[in-house]
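So the sequences go chain by chain: Y and B.
Our numbering applies: residue 1 is where the first sequence begins, and numbers increase by one.
Our numbering applies: residue 1001 is where the second sequence begins, and numbers increase by one.
Hints in this document: simulated from the structure, not taken from any laboratory.
Since we're looking at a predicted model, the values are computed, not measured.
It cannot be assumed that every hint is accurate.
Simulated crosslink set (DSBU-like; lysine-lysine; CA at most 35 Å straight-line) [unchecked claim]:
| hint | chain 1 | residue 1 | chain 2 | residue 2 |
| --- | --- | --- | --- | --- |
| 1 | Y | Lys-190 | Y | Lys-243 |
| 2 | Y | Lys-21 | Y | Lys-154 |
| 3 | Y | Lys-105 | Y | Lys-52 |
| 4 | B | Lys-1063 | B | Lys-1407 |
| 5 | B | Lys-1126 | Y | Lys-154 |
| 6 | B | Lys-1063 | B | Lys-1106 |
| 7 | B | Lys-1106 | B | Lys-1159 |
| 8 | Y | Lys-343 | B | Lys-1359 |
| 9 | B | Lys-1269 | Y | Lys-331 |
| 10 | Y | Lys-243 | B | Lys-1063 |
| 11 | Y | Lys-190 | B | Lys-1083 |
| 12 | Y | Lys-134 | B | Lys-1130 |
| 13 | B | Lys-1269 | Y | Lys-313 |
| 14 | Y | Lys-308 | B | Lys-1159 |
| 15 | B | Lys-1130 | Y | Lys-331 |
| 16 | B | Lys-1269 | Y | Lys-344 |
| 17 | Y | Lys-117 | B | Lys-1176 |
| 18 | B | Lys-1176 | Y | Lys-194 |
| 19 | B | Lys-1390 | B | Lys-1359 |
| 20 | Y | Lys-331 | B | Lys-1117 |
| 21 | B | Lys-1063 | Y | Lys-331 |
| 22 | Y | Lys-344 | Y | Lys-172 |
| 23 | B | Lys-1390 | Y | Lys-343 |
| 24 | Y | Lys-243 | B | Lys-1117 |
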Amino acid sequence: MLTLSDLAKYPFLPEAAEEVKRLDFSIESLLQPDYAPILHRAEERIVEALTKSPPEVSYDPRRHNENVEVLSFPAAIILVSAVASDYVKKRFALAEARRAYNLLKVEDEEKIVEIAKRFGWRIRLAGISLGLEKFDFALHFVDYLRNASSFHEKGWKLVNRLVIRGEVYLSKQDVARLLQEEIRRYIESKIDPKMRSILPEEIVERANSIRKGYAENIREEPFNIESLFSSGVESDFLPPCMKELYGALLAGRHLPHIGRFTITAFLLNIGMDPNLIIDLFRKSADFNERMTRYQIEHIAGQRGSGTKYVPPKCDTLQTHGLCPGMDDLCKRVRHPLTYYLRKKKRRAG
Amino acid sequence: MSEPNNISFIREMFSDFYSKNADKIEPPKSIENREFGFSLFKENVMVRHKSFARIEDLRDFIKKNVPSNVYYSSAYYSFPEAKMDEKGWLGSDLFFDIDADHIPTKCNKMHDSWACKSCNFEGRGKAPEKCPNCGGESFDERTWPCEVCLEAARVETIKLIDILLEDFGLSADEIKCSFSGHRGYHVGVESDIVLELDALSRKEIVDYITGTGIDAVFHGLDEIRSGSSKIIVGPSLDDPGWRGRAARGTYDFLLRASASELKSLGIKKNVVMELVEKRDAILESWRRGGPWNTVRGLGIKGWGKIIQRGASLQSANIDTVVTVDIHRLIRLPGTLHGKTGLLKISFPVSRVEEFDPQKEAIAFKAGEVKVYVEEAPELRFGDEIFGPFKSQAVTLPTQVAIFLLCKGAARVVD
């Protein structure tokens, strides 16, 4: 059974939506003076997402009223939709998902199972030990992969997990992290910028004022892909691993450190302008221009020891799970730069 | 398949086969949602984006057009005949290809050959990266299915099936096995469970099966300090999943590992000596907690390397590209392979150990044909051995003759 306090903690659950319906809450009601605390908390959720680093919406049961928590979540979804910014959408979804993660980490096992089942997960309590490790949960491998396949850390690779008869055995912390990913995607899918055109004018104005008030925090630069390759870099020549990393950057997906290093070193080595590479990183939810510039200049050998770095070779990339599978040319080379140069030469010759 | 004479002869034989054996052509699940592709003898072109509502329509098409190869998509589409990006992908079977081409065997140096496309320079074994004569990068490769290669592919197939059953929890009737018609095996999973897996998830499954990126520290290898002493713990032989596999692979590796093999892992000389000298004691130690503390100077890092090497013995060598591709075209079971004239034939998982491709994939069972053979290694068909041949005319059973004709190693003699 999920209580009101559960719904306050996890306002994205279907039961929370039912509660919202039961309270006869609508977009129009947001504008009534009685609902001011809800609209205020909704704005606060978004501001927290934009200003906190790492992004995270707060939750303090002593400070936050449960009903306000439940109702302010859909209100925030409406506001974020009205802001109509891809960056704000991603950042907000991440911040809400991280809030859920921190609450889930310390949640009852049974409750975690109940919440996971709301997302269609085939999960059960396992409670087995092997060697020194304890595994509290068993999750169907398809549900595991749907969420973990985009994580790049070695420990998340399926091959480094205990898999028995179709189930992956996990700790509570692991399940909380995987649920964070499921919740993040779910929230992103609920935010629809097209909604903006049908929302009451007052709501759109509130959204615009968030946009203006936090313009500094909203890093969204319109840029086009073609311009990136104006410095003589040809996307057709990229090996599959770099295409993947490059695509992840363009989509603003999270990349682990090794992935960022690899794509940066690669692009620098094939002659891309460092400023263009910085632009590529702008879409990341945790973009910090000063830090990114520093790191890129470091890899380019313009700082520190002066060493110009090259990207790791193929088998290192495989070990780190950055090789998406080889094409015919990959099988003949050992380094992604060789791949690029070969293709380039082939085209020229 | 160079000479027009040969091609029309092969086509005639294929036509005859399909007219009598169309019922052998197996319909894939939900045939109406699959894309079909065919390569044709005449134009040597690929016809794609075909679809058939019923298996009878497909069989009629094959009988009428006599393609050299028949393929179907592992994917299900709303509109299989539409252009690629308009087909409406609904899901895809989980598919594995095990081909001797990807498995290093000692014999491929003996029977495989290549010729540079630009200067005709020839060599044996697998084609090099660059032609040593002219630097060309494109080759005509001729590979032969031999007992050793096919057996190597079977071993990999058995390992794959074990992982699918034990680790992924699939049931034997969800797994479809077949001989590819050339040098390997196909294993397909037509289950709703795997249908919607995206390419990224399939890549993770590939890495699981090939043991790529495995690290023993995630499989029980650990160092525990108590007071001033350290003890190492590790996986056990009967542990489930990769944990047990890694332990069993390590056992096998240490059973046979030579000093030079151990040295190549970057293990120090004195440790290598001890590993080799204490071999019996180490193998014995698996009964009691494992060998982790039996070798002086061998820490968690060194064991990690040994376990990784051991794990590689337990992984299955599959073609990684095929499984990740969610739009792949696959040879249809019950049809002939254009490069061999052999049948792609399905068999139940339970028969994988006894299945004899060189007997059961024979499509042409009657008659003899006289051919002139340029060059071919010794080959087995059924219970008989043929060849080796070099520049000679010989009368052979139809299947053997067709095989050599398809391979381009022989020509028809009137």
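Here's how the hints hold up against the structure:
no., hint, verdict
1, Y/Lys-190 to Y/Lys-243, "29 Å, holds"
2, Y/Lys-21 to Y/Lys-154, "43 Å, violated"
3, Y/Lys-105 to Y/Lys-52, "20 Å, holds"
4, B/Lys-1063 to B/Lys-1407, "23 Å, holds"
5, B/Lys-1126 to Y/Lys-154, "33 Å, holds"
6, B/Lys-1063 to B/Lys-1106, "40 Å, violated"
7, B/Lys-1106 to B/Lys-1159, "20 Å, holds"
8, Y/Lys-343 to B/Lys-1359, "44 Å, violated"
9, B/Lys-1269 to Y/Lys-331, "33 Å, holds"
10, Y/Lys-243 to B/Lys-1063, "43 Å, violated"
11, Y/Lys-190 to B/Lys-1083, "31 Å, holds"
12, Y/Lys-134 to B/Lys-1130, "52 Å, violated"
13, B/Lys-1269 to Y/Lys-313, "28 Å, holds"
14, Y/Lys-308 to B/Lys-1159, "44 Å, violated"
15, B/Lys-1130 to Y/Lys-331, "13 Å, holds"
16, B/Lys-1269 to Y/Lys-344, "45 Å, violated"
17, Y/Lys-117 to B/Lys-1176, "31 Å, holds"
18, B/Lys-1176 to Y/Lys-194, "46 Å, violated"
19, B/Lys-1390 to B/Lys-1359, "24 Å, holds"
20, Y/Lys-331 to B/Lys-1117, "19 Å, holds"
21, B/Lys-1063 to Y/Lys-331, "38 Å, violated"
22, Y/Lys-344 to Y/Lys-172, "49 Å, violated"
23, B/Lys-1390 to Y/Lys-343, "40 Å, violated"
24, Y/Lys-243 to B/Lys-1117, "31 Å, holds"
When held up to the earlier numbered hints, the structure conflicts with 2, 6, 8, 10, 12, 14, 16, 18, 21, 22 and 23 and fits the remainder.
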